[in-house]
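From first to last, the protein sequence lines stand for chains A and B.
Sequential numbering of the first sequence, starting at 1, is according to my numbering.
Sequential numbering of the second sequence, starting at 1, is according to my numbering.
Certain hints may be false.
The list that follows gives simulated cross-link-like pairs (lysine-lysine, BS3-like), each with its CA atoms no further than 25 Å apart [said to hold, decoys possible]:
hint, chain 1, residue 1, chain 2, residue 2
1, B, K324, A, K305
2, A, K247, B, K324
3, B, K45, B, K324
4, B, K224, B, K50
5, B, K88, A, K125
Output of the computed footprint for chain A on chain B, the stretches with three or more beta carbons under 8 Å from beta carbons of chain A [stated by the list, open to error]:
hint, region
6, 102 to 111
7, 154 to 163
8, 255 to 266
Just so you know, these hints were derived from the structure itself, not from any lab.
All of these numbers come straight from a predicted model, not from anything done at the bench.
For glycine and all other residues, C-beta sits at the position ideal for the given N, C-alpha and C.
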Amino acid sequence: MADAGRTQAHERLRRLLLLVPYVSKHPGLTVDEVAKALGLTREGLLEDLDLLTLVGRPPFSPDDYVDVYVEDDRVWVDLDQRLSTPPRLTAAEGVALAAAAALLGPRPGDALHGALAKLEQVLPKGAREQYRALAQRLDLAADAPPDLAALSQAVVEHREVALDYFTAGTGVTERRVVQPHELFSHRGTWYLSAHCLTRGDERLFRLDRIAKLELTEQRFEAPAKGAGRPVPPESREQGARVRFSPKLSAWVQERFGAAASVLPGGAVEVEIRDDNEAWLTRWVLSFGGEAVVVAPESARAAIAKAAGAAIGLES
Amino acid sequence: MDRTERLLDLVALFLDADAPVSWADIRGAFPEDYGVGPSEANERKFERDKAELLELGLPLSFVPPGDDLPSGYVVDREAYALPEAGLKPDELAVLYAAGSAALASGAFPGAQDLAHALRQRGFLAGPNQPDPRVRLELGGLAQGHELPQRLEQLWAAVSTRKKVELEYHSPHTRQTTRRTVDPYGLALRRGVWNLVGHCHLRQGIRTFHVHRVRALSVNAAKPKSPDFEVPAAFRLDDYVATWPWQHRFHPPVEVTLTLSGALAPLADSLFPKGCAQGTGPTRALTVPATDLDALLAYVLSLGPQAKVTGPDDALQRLRAMATKVHQAHQGAARG
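Input sequences plus hints: build the corresponding full structure.
Here it is as structure tokens:
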């Protein structure tokens with residue numbers, strides 16, 4: 001790209017404009033702490049600090065230079081030369097942040113919704129119009145399930161939540177109280193990893209199976225990082241072989257890449273190590289006859305039964 | 001003097017000044033930078049520096065001479081500084097969680113801007129914030145390794161309204177076509193990034209999956225002046241399908257269906273754009289479909305608590321579909 005050099009210089013400048021204010025506001029942090037907060041390597045930060053000692057204002061007498069230094073591996077600033085406040089967000093930065101927030105689908109009443117309303121006020125007045133125009137050019141809100149922003153808040157604040165959960169396997173909806181640990185999306189589906197107080201166990205919940213959600217005021221102790229995480233769906237041992245008609249072959253290859261094997265005649269097969277039989281049944285049915293499970297037999301029988309039920313057969 | 005250094009010096013100069021700073025003052029303060037060679041070249045050099053400062057968010061303006069003040073450049077310090085107040089700790093925390101999840105997804109347009117905005121937010125909230133614990137997987141496709149760079153380029157083109165040249169591969173026709181597109185915007189639908197824009201080849205608004213773009217270049221001519229205007233009535237959402245049955249294969253068909261039992265309370269999340277009536281144990285919905293078979297397959301996948309009630313054509317097709325699946329899964333697998 002022709003302007004990659006310019007972009008890099010721009011990146012460095014806006015980082016430097018934040019560095020002095022950051023150290024002024026949080027004096028005496030270690031080099032590593034400052035580097036982490038600003039998304040830099042230790043070496044990168046030390047280079048930036050070196051450059052800052054050359055920065056000053058006319059007439060450039062000794063007291064006119066920024067005095068930022070490292071002592072006992074801690075970063076301090078004595079003379080900030082008016083650089084002690086960072087600039088406001090630009091319109092593009094505001095839009096990027098707003099778009100990221102939109103990914104979690106904020107609704108009125110959520111902390112995230114409140115944050116977005118205030119974000120616009122943090123922009124310079126002249127940038128607000130550009131911000132609103134740009135925000136319409138990036139559309140992500142439709143992808144978020146309804147409860148995502150509220151659950152994010154519960155995860156961040158360690159608040160217990162009560163929810164009505166529908167289990168596809170049993171067809172039953174049940175009230176649960178859970179301690180939400182982590183939210184993640186996998187192949188277009190959002191999951192909540194939580195400690196379920198109703199069942200006394202670590203569980204994965206699909207967000208599109210949650211019918212009613214309430215944040216309680218009950219706080220819980222944050223779990224250790226990575227502790228008690230349920231097994232991700234793709235690491236299960238028992239797989240199923242699914243064959244797709246030639247009509248879907250291009251789509252399957254695009255999605256599964258080298259994992260999809262093309263058969264003579266144009267059909268493709270993939271091995272699915274996802275989730276459970278109830279999920280597999282639904283997934284195969286959602287291709288409306290263009291996908292067939294080849295093995296195992298139990299999965300074939302489950303799908304035959306589900307399809308039979310739709311045409312009034314008791315198989 | 002190094003340009004980065006000079007630009008930071010200029011920021012310090014303007015922020016410190018209590019009176020307008022004239023071009024003569026600036027030239028005098030930086031004799032090696034703006035005082036050597038023809039004056040026109042020096043002025044152009046300062047204009048470029050000024051443009052960069054504006055882009056960094058320095059509200060620099062030129063004021064004409066006043067009663068007791070000379071003309072020159074001033075910075076509105078209040079407009080420059082990031083305000084402290086406003087966002088509460090919980091708002092900052094959840095905003096950070098959203099931002100870092102998007103950034104970590106590896107496929108987010110404007111990633112550099114986002115990274116910087118998050119650092120700003122770190123300035124407000126302080127160091128050692130807890131792990132946000134929200135993870136996103138975007139563009140979850142096998143062929144997605146070039147996606148982050150494409151998104152960054154496309155977002156730059158969208159925000160500066162520059163046209164792009166792209167090579168687009170269609171998996172259906174297995175053809176690659178070369179197109180010029182005025183990029184109107186980017187939309188994420190079910191983990192897939194879509195580019196919507198005016199396609200010069202097809203002379204109309206088209207939607208492209210970003211991961212199917214094989215080569216991409218942004219028009220580099222006149223970077224500061226836009227190549228096109230986006231029509232005022234244009235809305236991204238009108239051109240991207242969230243659900244398979246919204247793909248435009250035929251004129252809209254109004255399909256009626258019911259959800260009972262445990263599915264009834266999930267009506268709004270299962271059919272976000274469906275029109276649901278009532279709140280009882282069985283809910284009736286009307287869903288407009290422009291790809292009927294896709295809707296029927298989805299209903300079939302929901303199990304016996306989801307039923308199509310009309311029109312007749314839809315009922316017959318659903319029956320044929322279920323019969324096909326049933327037969328394909330009877331007995332031992334063939335082949």
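Unmet hints by their number, sorted upward, for this structure: 3
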